[in-house]
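Engineer: What follows is the residue order along each chain.
Number of protein chains: 2
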Amino acid sequence: MITSTTGPQPADFADVRATNLAVVLRFVREHAPCSRADIAASTGLNKATVSSLVADLIDRRLVRETGLTENRVGRPATMLVLDGSPYAAIGVEINVDFVSAVATDLAGERLLTWRRAFSGGDSVNQGIAGVGAIIRRVVGRMAKEERQVLGLAVAVPGLVDVQGTVRIAPNLGWRDADIGGDLTKALRDPGFPIQVDNDANLAALAEQRFGAHAGASDLIYLTGEVGVGAGVILDGRLRRGRLGFSGEIGHVQLDPDGPACHCGRRGCLEAMAGIGAVLGKDPSQAEIQMEVEESVRLARAGDPATLATLESVGHSLGKGVSALVNLLDPEVVILGGYYVPLAPWLLPAVHEEVRDRVIASGSGGCQVVASTLGHDAAALGGAARVLDSVDSGRLPRVP
Amino acid sequence: MITSTTGPQPADFADVRATNLAVVLRFVREHAPCSRADIAASTGLNKATVSSLVADLIDRRLVRETGLTENRVGRPATMLVLDGSPYAAIGVEINVDFVSAVATDLAGERLLTWRRAFSGGDSVNQGIAGVGAIIRRVVGRMAKEERQVLGLAVAVPGLVDVQGTVRIAPNLGWRDADIGGDLTKALRDPGFPIQVDNDANLAALAEQRFGAHAGASDLIYLTGEVGVGAGVILDGRLRRGRLGFSGEIGHVQLDPDGPACHCGRRGCLEAMAGIGAVLGKDPSQAEIQMEVEESVRLARAGDPATLATLESVGHSLGKGVSALVNLLDPEVVILGGYYVPLAPWLLPAVHEEVRDRVIASGSGGCQVVASTLGHDAAALGGAARVLDSVDSGRLPRVP
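Residue numbers (UniProt numbering), protein chains in the order written: chain A, 1 to 399; chain B, 1 to 399.
Derived by calculation from the structure, the hints in this document are not laboratory data. Among the hints, erroneous ones may be present.
[To be verified] Computed spacing ranges between beta-carbons, pair by pair: (1) B:Glu145 / A:Pro193: 39 to 49 Å; (2) B:Gly44 / A:Ser392: 17 to 27 Å; (3) A:Arg137 / B:Arg237: 36 to 46 Å; (4) B:Val162 / A:Pro304: 25 to 35 Å; (5) A:Ala214 / B:Arg394: 31 to 41 Å; (6) B:Val162 / A:Arg237: 11 to 21 Å; (7) A:Lys47 / B:Gly44: 21 to 31 Å; (8) A:Arg17 / B:Asp176: 47 to 57 Å; (9) A:Arg237 / B:His31: 35 to 45 Å; (10) B:Asp356 / A:Gln285: 53 to 63 Å; (11) A:Arg136 / B:Asp257: 52 to 62 Å; (12) B:Asp257 / A:Arg141: 37 to 47 Å; (13) A:Leu307 / B:Asp282: 36 to 46 Å.
[Unchecked claim] Residues of chain A clear of chain B, computed beta-carbon distances all greater than 10 Å: (14) Ser123; (15) Val139; (16) Met142; (17) Thr184; (18) Ala286; (19) Cys366; (20) Asp388.
Built from N, CA and C at the ideal position, the CB exists for glycine as well.
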């Protein structure tokens, strides 16, 4: 088998072995329980190589043997499954009014889900101090469970470049902040890698791996926080754009005569369908989570003013969603964050706009749904990104 | 070298050979003049295999030897370049007011560029008859030059599904039309494959292969015809969406109180920045090309009303472009079609809006430029798509 790239081949034997270990690990993730013979048959690697790779993965406690055997001609085969009991992947979301933390094991099972009220602080330093304290407690908990942390990924609502520097997070007031470096210092070189990414991007990765539409090739996640941003998965991969700045849909102008936006213009999607529009006030002056819960209570009770507001927000949101569907033709658009509890009242208007505005007949079959991952999608996506790193070959050393 | 896919391997020897032939052909396209040893060194194929593959490509007249040799230790090597003199790739664009045809050789050199006024006719049948007659003349010309046609790709302004069926081409009035099948019949089974694709998609492929920003990984092409559509290249590949319907940006609403759009709403991008907005009339009532030339003449002469119109169209276009840049973070947005002759008067306002509205500082370095491929980008893109097919292994038989 030859590759179709015309560039130079990887010459380093260690690289080839790391790549092959990752191939086998991914195969076990997707097909467990499976035998060494299954792996050899499907990957094209020979049996002796597979046995050696599996032994290595067992040493690293990434894979383990089960007592199960498969009925087949010849000797019964020992079956393999993911292990990973000594490991954890951590994701953290920093947002305007809260910090979330999620830890999962290697298989993606949740070990911990925390959420704390948080005000970004008046400076990056204050923010880092607060977030660092929370991360230390998560890491401490994992240590108690005798789990090694494979990595940490932090979600931030703003432009994060491909190196992980936060270029602008307008709603946090952060600019050109090396959050990864700052957290590494605050945690005193914790011995695991720290990545930083946009919140919508990480939430989209969470949906792709864990959500109700896991595995969808073309999926868009829309954050419903103080800001509105999109995570764009096309042809099976997150599309970050050239610098990593894709997904900024919050300031698409729906109506030049609309309500004032904090960006200085009028009628931006964020001003008409962000959480401030639901609450009818500047979100920096609100106890957002409590007030959203109150809106849900009022909507359930049939309060006419609340229902009218949610319908109007739904129509604005539907215009933004329609633009995304027309431009990118996804299988599904997933509404996250505070849109999730509000979805029963937002979705009818969203669906109406999408039905009317999408050019393809039947909206091209595109669904618009609320996230089933709850408010922690971006934090969970941080853990997903750590697992993605492991799956692409950044394996932990033998413990 | 193993692959990182976990799926089954291609078992068919003929497939592997076709893949390898394409690998060598692409290498020669990108690195000519080059030697057999260069190919072996870079692709990882052994020298005997490369010699056999090159012999096959020479038999097919896709590659030829030159007299050139390279100074190196040992025997001087015979150098290889693309041949392709016996072949042609044809692209045709059907639009509301014209049909364009372009033919290129295997290296992409233009052999022929035609443009004819055309009114889509009152039905698909009339349209096909008119376009079929033009294609027959192009094919006849290629036959005179003793060139075998490798394939034909037809650009249509509308939703084209991944099977090539035109689902809706609103400005042509076509719906659920199997243009490829109809043309195959009209041409009486011409013996080459006919593909159908969206005009913006094909124009984006032309820019990627032949334009001033050829090779850009993240590139958006915007058609400036009666309709406005986008061709989206991200991470080096055309992103069609799930059904092939991506790029529909024409009915993004810029202003709910804006001018009426033929879609029934008000203030769509197409109504505010399509060619009808430039001409100030329903484009179905216009001699578009002549009237655009008149606008250019008036703008050159400093006519205040024309300059004001173009400035206003430029601002609307700039809002649409800003939304694309914020959402997709491309390296370049290329304005095509009638925007090209109008660009000197549109671009200042477009640039102003992009500077103001793009969240990333310095617009993330994104450039907005007029196409250098002229009015034939979509037709040229048809030829590019045929060459793409050859490059991915659909090779002509030995003549």
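Engineer: Taking the earlier hints as the rules, which of them does this structure contradict?
Structural biologist: 1, 4, 9, 10, 12 and 19
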